[in-house]
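Work out the full structure: start from the sequences and follow the hints.
Residues per chain, in single letters:
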Amino acid sequence: MAFIKEAWDVTRSVGQSMGVVFKNLLRKPTTVSYPYVKRELPDRQRATFALLTNKETGEEKCTACLICQNICPSQVISMVKEQVNNRGFAKEFTLDLGGCIFCEFCVQACPQDAIVMIKLWENSEVDREKLKLNKQNLLDNQKYQPSEMIGSKIREMQSPPKAAPKPAEPAP
Amino acid sequence: MTALIFSVAILAGVLFVVMYLTLLERKFAGRLQSRIGPQRVGWPFGYLQPVADAVKLLVKEDVIPEVADRKAFNLAPVLVVLPVLFVFAVIPFGENLVLADLNIGVLFVLAISSITLIGIFMAAWGSKNKYAVLSGMRAVNQMISYEVPLVISSLVPVILAESMNLSDIVAFQDRAWFVFYPVLGQLAFIVFMVSAMAEANRIPFDITEAESELVAGFMVEYSGMKFAFFFLAEYAHMLAVSFLAVILFLGGWQGPWLPAGVWLALKVFMVFMLILWIRWSLVRIRLDQILALSWKVLFPLSLLVLLLAGIWKMW
Numbered sequence: 001m002a003f004i005k006e007a008w009d010v011t012r013s014v015g016q017s018m019g020v021v022f023k024n025l026l027r028k029p030t031t032v033s034y035p036y037v038k039r040e041l042p043d044r045q046r047a048t049f050a051l052l053t054n055k056e057t058g059e060e061k062c063t064a065c066l067i068c069q070n071i072c073p074s075q076v077i078s079m080v081k082e083q084v085n086n087r088g089f090a091k092e093f094t095l096d097l098g099g100c101i102f103c104e105f106c107v108q109a110c111p112q113d114a115i116v117m118i119k120l121w122e123n124s125e126v127d128r129e130k131l132k133l134n135k136q137n138l139l140d141n142q143k144y145q146p147s148e149m150i151g152s153k154i155r156e157m158q159s160p161p162k163a164a165p166k167p168a169e170p171a172p
Numbered sequence: 001m002t003a004l005i006f007s008v009a010i011l012a013g014v015l016f017v018v019m020y021l022t023l024l025e026r027k028f029a030g031r032l033q034s035r036i037g038p039q040r041v042g043w044p045f046g047y048l049q050p051v052a053d054a055v056k057l058l059v060k061e062d063v064i065p066e067v068a069d070r071k072a073f074n075l076a077p078v079l080v081v082l083p084v085l086f087v088f089a090v091i092p093f094g095e096n097l098v099l100a101d102l103n104i105g106v107l108f109v110l111a112i113s114s115i116t117l118i119g120i121f122m123a124a125w126g127s128k129n130k131y132a133v134l135s136g137m138r139a140v141n142q143m144i145s146y147e148v149p150l151v152i153s154s155l156v157p158v159i160l161a162e163s164m165n166l167s168d169i170v171a172f173q174d175r176a177w178f179v180f181y182p183v184l185g186q187l188a189f190i191v192f193m194v195s196a197m198a199e200a201n202r203i204p205f206d207i208t209e210a211e212s213e214l215v216a217g218f219m220v221e222y223s224g225m226k227f228a229f230f231f232l233a234e235y236a237h238m239l240a241v242s243f244l245a246v247i248l249f250l251g252g253w254q255g256p257w258l259p260a261g262v263w264l265a266l267k268v269f270m271v272f273m274l275i276l277w278i279r280w281s282l283v284r285i286r287l288d289q290i291l292a293l294s295w296k297v298l299f300p301l302s303l304l305v306l307l308l309a310g311i312w313k314m315w
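Residue numbers (our numbering), protein chains in the order written: chain R, 1 to 172; chain V, 1 to 315.
Simulated from the structure, these hints should not be mistaken for lab results. Don't take every hint at face value.
[Said to hold, decoys possible] Below, a sample of chain R positions facing chain V; criterion: calculated Cβ distance under 10 Å:
{"id": "1", "residue": "M1"}
{"id": "2", "residue": "A7"}
{"id": "3", "residue": "V14"}
{"id": "4", "residue": "T30"}
{"id": "5", "residue": "R46"}
{"id": "6", "residue": "Q136"}
{"id": "7", "residue": "L139"}
Every residue gets a Cβ at the ideal spot worked out from N, C-alpha and C, and that includes glycine.
What follows is the structure in structure tokens.
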């Protein structure tokens, strides 16, 4: 009797697994044929960097405060500061993507929301030097769609919740 | 002269079909896993993929290990492929469409296809590689165990048709295919399919080339065209098994309405797809389980089926 039960169990489980596999045959393939079809990226997808300019005045947002250079764990950001009209400007700004670990610290720390990450993820190069982005490259990258997360937004999300405002006392 | 032309045609046809069976397996496996499968080489269905594979394997470097036994190492791929191709000599592709109409066809097929084992063990021993030797020993274990139920279960059609000639066996099934004989037919078919799949080293019985434990088993040291020979042998073996299953149990080219060739091709295709389907749904079973399945289940079952066939014939 035990033998018959075992045989039945084996047959049933084999049939079950074959049924599960057969269900896939009737389903549409989930593959996205990459170079021809590009899948939609998530909102917070982040890959390369861009330096933003103020849209109204056309002025660079970066004040060369050196925070991103100091916070970068792999030390790939370096800049030269320049003082013009009472505010700082980055005279040179280099970001070596070859060493970048995409931790987003520089974006989180930027007080001006000047450096952001963009959704341009097809950034492979054959020449290592081309991965070193200079200031002009970064400013040009503005034309790509930025990631949804920018510095001020991240800081707002990470700050402790604000206390509910006190209800106004009724006038006596 | 006609025999020569016919044999060349069969050889070329089998090799061509086997080439495209690899593509069929890859596409089918892809669909079974919600993927697409090869499609880039020969857009949009990947129909040039086998050609690309063949060219790649042809131009690959042929490495022979220094410690290998060169004679055995070089002879083994030939010994693996040849017996499988011999099988196609006696398989009838239609009425009077057979290269060698042997009156001991079944015996010939069973005898010649077990020579593959010698080639496999030669490859394993000749490579002087521990994984290969382990795999060769497993292969011997498995093949010898499954030869017994395979032979006994393929004796059932022989007894029922009172002939060992494959054409006669097909001709006998013009009223009912053997698989439709109550209990007897189905049991014999299942035993035959399971042991034939074990003979062809397919998952779930592929412990000889178990990728996760033995890298590639007996063909671990082979590269280039010699490696391709083993793959050719494996797929040709599967094709031969499909043909045999169709001829012994599913009535060969017999069938209503459609022409004979279409029926044969359709049935062979269905059996081949069944093998692929099983391969992509089940896991590999252990060596002890494989031997237990053979000696404790399939062997008694095949004897029972043989007894039933005898009773059916007498009665």
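Status of each hint after checking the structure:
1. M1: violated (16 Å)
2. A7: holds (8 Å)
3. V14: holds (7 Å)
4. T30: holds (5 Å)
5. R46: violated (28 Å)
6. Q136: violated (37 Å)
7. L139: Status violated, d = 37 Å.
Hint compliance for this structure: hints 1, 5, 6, 7 are not met, and every other hint is.
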